[in-house]
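Colleague: Those sequence lines, one after another, are chains A and B. Residue numbering for the first sequence follows the numbering used here, beginning at 22 and increasing consecutively. Residue numbering for the second sequence follows the numbering used here, beginning at 22 and increasing consecutively.
Quick caveat, the hints were computed from the structure, so don't treat them as lab data. Mixed in with the good hints there might be a few duds.
Pairs involving identical chains hold if they fit within one copy or between any two copies, as the list cannot separate such chains.
Stated by the list, open to error - Listed below are the simulated DMTMM-like cross-link pairs for lysine to aspartate or glutamate, each with C-alpha atoms no more than 25 Å apart in a straight line: (1) 506 to 177; (2) 38 to 75; (3) 554 to 72; (4) 113 to 525; (5) 273 to 392; (6) 42 to 124; (7) 315 to 491; (8) 222 to 539; (9) 113 to 219; (10) 479 to 499; (11) 516 to 114; (12) 377 to 392; (13) 188 to 153; (14) 113 to 72; (15) 516 to 78; (16) 42 to 294; (17) 418 to 400; (18) 541 to 361; (19) 554 to 140; (20) 188 to 111; (21) 506 to 460; (22) 541 to 140; (23) 377 to 400; (24) 516 to 72.
Protein chains: 2
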Amino acid sequence: MKISLAQLNYHIGNFEKITEKIIHTLNIAKAQGTDLVVFAELCICGYPARDFLEFQEFIDECGQAAQQVAQACAGIACIIGIPTPNHTPEGKDLHNSAYFIADGQVQAVVNKALLPNYDVFDEYRYFEPEIEFQCIDYKGIRIALTICEDLWNTIENPLYVTRPMDKLIEQQPDVMINIAASPFTYNHDEERIAILSENAKRYQLPLFYVNHVGAQTEIIFDGGSMVFGADGELVDELPYFTEAVTCYEFNKGETIKPLQPVTLQAQRQSDIEQIHNGLILGIQDYFRKSGFSKAILGLSGGIDSAVVCALAAAALGPENVMAVLLPSHYSTGHSVKDAEDLVNNLGCKSELIAIKSITEAFETALHPQFEGLPFNIAEENIQSRSRAVLLMAMCNKFGYILLNTSNKSEVAVGYGTLYGDMCGGISVIGDVYKTQVFELARYINREREIIPQNTIIKPPSAELRPDQKDTDSLPEYEVLDPMLKQYLEHRKSSKEIIAQGYDETTVRRVIKLVNNAEHKRYQTPPILRVSPKAFGMGRRMPIVGRYLS
Amino acid sequence: MKISLAQLNYHIGNFEKITEKIIHTLNIAKAQGTDLVVFAELCICGYPARDFLEFQEFIDECGQAAQQVAQACAGIACIIGIPTPNHTPEGKDLHNSAYFIADGQVQAVVNKALLPNYDVFDEYRYFEPEIEFQCIDYKGIRIALTICEDLWNTIENPLYVTRPMDKLIEQQPDVMINIAASPFTYNHDEERIAILSENAKRYQLPLFYVNHVGAQTEIIFDGGSMVFGADGELVDELPYFTEAVTCYEFNKGETIKPLQPVTLQAQRQSDIEQIHNGLILGIQDYFRKSGFSKAILGLSGGIDSAVVCALAAAALGPENVMAVLLPSHYSTGHSVKDAEDLVNNLGCKSELIAIKSITEAFETALHPQFEGLPFNIAEENIQSRSRAVLLMAMCNKFGYILLNTSNKSEVAVGYGTLYGDMCGGISVIGDVYKTQVFELARYINREREIIPQNTIIKPPSAELRPDQKDTDSLPEYEVLDPMLKQYLEHRKSSKEIIAQGYDETTVRRVIKLVNNAEHKRYQTPPILRVSPKAFGMGRRMPIVGRYLS
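Using the sequences and the hints, build the whole thing.
Modeller: Now the structure itself:
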């Protein structure tokens, strides 16, 4: 039997395009003699469709799209993911299902049993978990079909009380197929390989695994669909961050034969290379899927906006990127020079708008209220917010989308101005720590200098008052970032972090800064997610609450 | 047996204050001869603690607080809500539990079985559902103790496959006790009474029900704890929007005797009265629990900011409310007059800052880019954003919290400027439709004119260009609001809404406006929730997606 894996990029809710893409893939596969094409979890509507799933009209559209796909299945079979009505009165109204389609009809329906409901996942919000399991027979092959998380319950402290494959294995299947929507984080590829390989070994069955590729607002799917032999050996690993369709000859008791050169990586991509490629896909899909093409950003001469500008130019083409230099009287001379060098290196567009007259107008207007009071954060923020007003005016006039350039370290400690530099349609590096931003800059410069060396080596500064440096109020990023990681990603208490050897005063001050910034983060743009714990939907903290540290 | 109900207001994560409050209540009750005091669901840490629950330190603090409460339980028993570790390796790491405490020790632990995971609820994110049920015996009385949602599975299309009371009733309990965290919406009180009464009747048992009171950022708990006889008759209903502790004599086979005058309402509060009281509590708790006392807002002369100003003055005292008049050259003369009249009626503080010189500075700075292009939304938004910069500068200088004054109708259709009038620490009326804002204004004026009549009767306008009216681009609010309700709260498709008799072109345009504003709403402040479907955590839509209508 010839099995194809279709690793595709779907636009949530765009039934016309999705159906067209699935049927197009089926037609090509059929011409090549494929027996079965496997598409990803909930591919019929895209993932995550969130509360679209609460609209009956949306569910009906899914059903109609599946009917169209079924009609295209003459002489070929396919597996698609689809939300389906739960026909029993008890429980949630939907299942997260897979259709096995052949001969123009849905031959079998498999429902997901283990529903991820942590971090960015909310599946129990919509779906009733399945409790009964049945293999599918097709052309003499017995298939154990599961959906994503159904295979992930292998760890020591499992999240769920059941394990679907333990039931399915009793029916003596010949092969496992798993359809998934497993998002990218920079350490997720190896984890995925380990879990899937462990499943193949545990059940002594070959395994075909199909993932999504493409970004859905902040969530990036990296692809990396895979095939394993019954011994747990990786037979093939599809490319990352791009669509791919591959085909394999599989017969009972034989080893799997790839029908094209396999794309097995000689060595794994480094974390930074993955983040780089993920962010570019994230920018591309945000623009493409929302119907925009042109980005704007404020270019300060610092490293954050430089890296975002370079990523945007790579994602959208430099001709679609407008960099605006917005110096104030506190901007140093080299800032404008560094920004201009970057613009020249990238070949993107630029404008220069000085903000002095604007901040002066604000200060004059506020003179009756502020008279006699010292310069403080109020005036600092007026600079940052004036820039945002200018950038948003450019957006409103010319149809740009503003890219936010805040990094994860500053978003964490609240080192940013709400309605100022925290503005934007999408945050590009809000899940990238400052130390990683430097790594990204060096990676971007791997072949030639794109980001000016001076931008990389000068001490980071917000330039909102004379001679300001980030380290005036924050520890060095080499100290700050690992501390933040312990708190944010590993949920360690300050006591535990101090016990790891960090300075007590610094730890308490940093964690307090993080806690005090929850109200700011609530109003930030969606942040492209590259780590296991990004700010946004995956981290839900009370705003008004008393924090422990 | 004397049973007390403690309907209290908790500050999430403030273990010191919560423990103190619980022990104080226990001591008073003990002095009055009470046998058992019932506190609300998860009272030990406040509700919803969200991802605080993922910190082991937080769970440990809960346990320590419970130990302190237990030590205070000499000669008195109590029921408290607490997150507890799940001691089996499989499943989520926590349970949503109730401790039955007597003689200084935890005598029994009951875990919640039905975990709400819809709208604003995320309980399956943290908790493993219970599958075994056991009554508690105390002083010869057998108690069927359940937690909130456990009693809510009575409807025709139940959300869950089990019903805990069906198991507990087999053990022949004498009474039901339910501890809850049931948030306010303006139609929830009657629904709650109906469901609880139905439970009492179905199981022919008296029922004691204790709810939270107080606001947790956007979620308002209204209290309204209740006692029912075994016939389903309401014996007592505690007050709404305020703390209360009441006591009842309950003996097997006898009717329940309230030990204080009952507070049974002669008639239910109207929706608008409930919304009014809920919003005041919402403002109060937002400030009190975040350690702020002074609010600021922009006062336009229109009805939205007038109503918010009046609510804030009622919540915080007029001396703590700063109203800033920010006229532009498009503001009409009566706007300033109407705003000043309101300030005088309320006795709050005010400032007037004209924005003309600021918007001119922006337009001058942007002249090279905008030259020759017509005035459009870019210039309109500069006005709105300049006001936001001024208001935020006042916040930064003087420690105010900015109140957002957008109403639900305009938040829905995106009739607001991101980083402009959509700014604020908390949105007061973002879940109140414009037609309800008018009702609120009339309610606020029920005894004397507080909101100037002219503010109520003039046609709504954003005043961002000459002679602008809301109805230039939107249908009349009497048409718009019910249409929005169908789409937002009842998840009807445009086809279904049109079938209800609304004009097709208008419906399609309005729903398109709603869909196109998702990216704006993602960045709005938390919105005090008064309806069954508020914008915010309870409504999770894709930003980049293709919408149906």
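Colleague: Hint by hint, note whether the structure agrees.
Modeller: Verification of the supplied hints:
{"no.": "1", "hint": "506 to 177", "in the structure": "within (23 Å within a copy, 47 Å between copies)"}
{"no.": "2", "hint": "38 to 75", "in the structure": "within (22 Å within a copy, 40 Å between copies)"}
{"no.": "3", "hint": "554 to 72", "in the structure": "both (22 Å within a copy, 12 Å between copies)"}
{"no.": "4", "hint": "113 to 525", "in the structure": "neither (48 Å within a copy, 32 Å between copies)"}
{"no.": "5", "hint": "273 to 392", "in the structure": "neither (84 Å within a copy, 72 Å between copies)"}
{"no.": "6", "hint": "42 to 124", "in the structure": "within (19 Å within a copy, 68 Å between copies)"}
{"no.": "7", "hint": "315 to 491", "in the structure": "neither (31 Å within a copy, 30 Å between copies)"}
{"no.": "8", "hint": "222 to 539", "in the structure": "neither (44 Å within a copy, 45 Å between copies)"}
{"no.": "9", "hint": "113 to 219", "in the structure": "between (32 Å within a copy, 22 Å between copies)"}
{"no.": "10", "hint": "479 to 499", "in the structure": "within (15 Å within a copy, 59 Å between copies)"}
{"no.": "11", "hint": "516 to 114", "in the structure": "between (45 Å within a copy, 22 Å between copies)"}
{"no.": "12", "hint": "377 to 392", "in the structure": "both (19 Å within a copy, 20 Å between copies)"}
{"no.": "13", "hint": "188 to 153", "in the structure": "both (8 Å within a copy, 23 Å between copies)"}
{"no.": "14", "hint": "113 to 72", "in the structure": "both (14 Å within a copy, 24 Å between copies)"}
{"no.": "15", "hint": "516 to 78", "in the structure": "between (51 Å within a copy, 9 Å between copies)"}
{"no.": "16", "hint": "42 to 294", "in the structure": "neither (29 Å within a copy, 53 Å between copies)"}
{"no.": "17", "hint": "418 to 400", "in the structure": "between (27 Å within a copy, 9 Å between copies)"}
{"no.": "18", "hint": "541 to 361", "in the structure": "neither (31 Å within a copy, 32 Å between copies)"}
{"no.": "19", "hint": "554 to 140", "in the structure": "both (7 Å within a copy, 23 Å between copies)"}
{"no.": "20", "hint": "188 to 111", "in the structure": "both (23 Å within a copy, 17 Å between copies)"}
{"no.": "21", "hint": "506 to 460", "in the structure": "within (17 Å within a copy, 49 Å between copies)"}
{"no.": "22", "hint": "541 to 140", "in the structure": "both (20 Å within a copy, 23 Å between copies)"}
{"no.": "23", "hint": "377 to 400", "in the structure": "both (12 Å within a copy, 19 Å between copies)"}
{"no.": "24", "hint": "516 to 72", "in the structure": "between (39 Å within a copy, 19 Å between copies)"}
In summary, the numbered hints that this structure violates are 4, 5, 7, 8, 16, 18.
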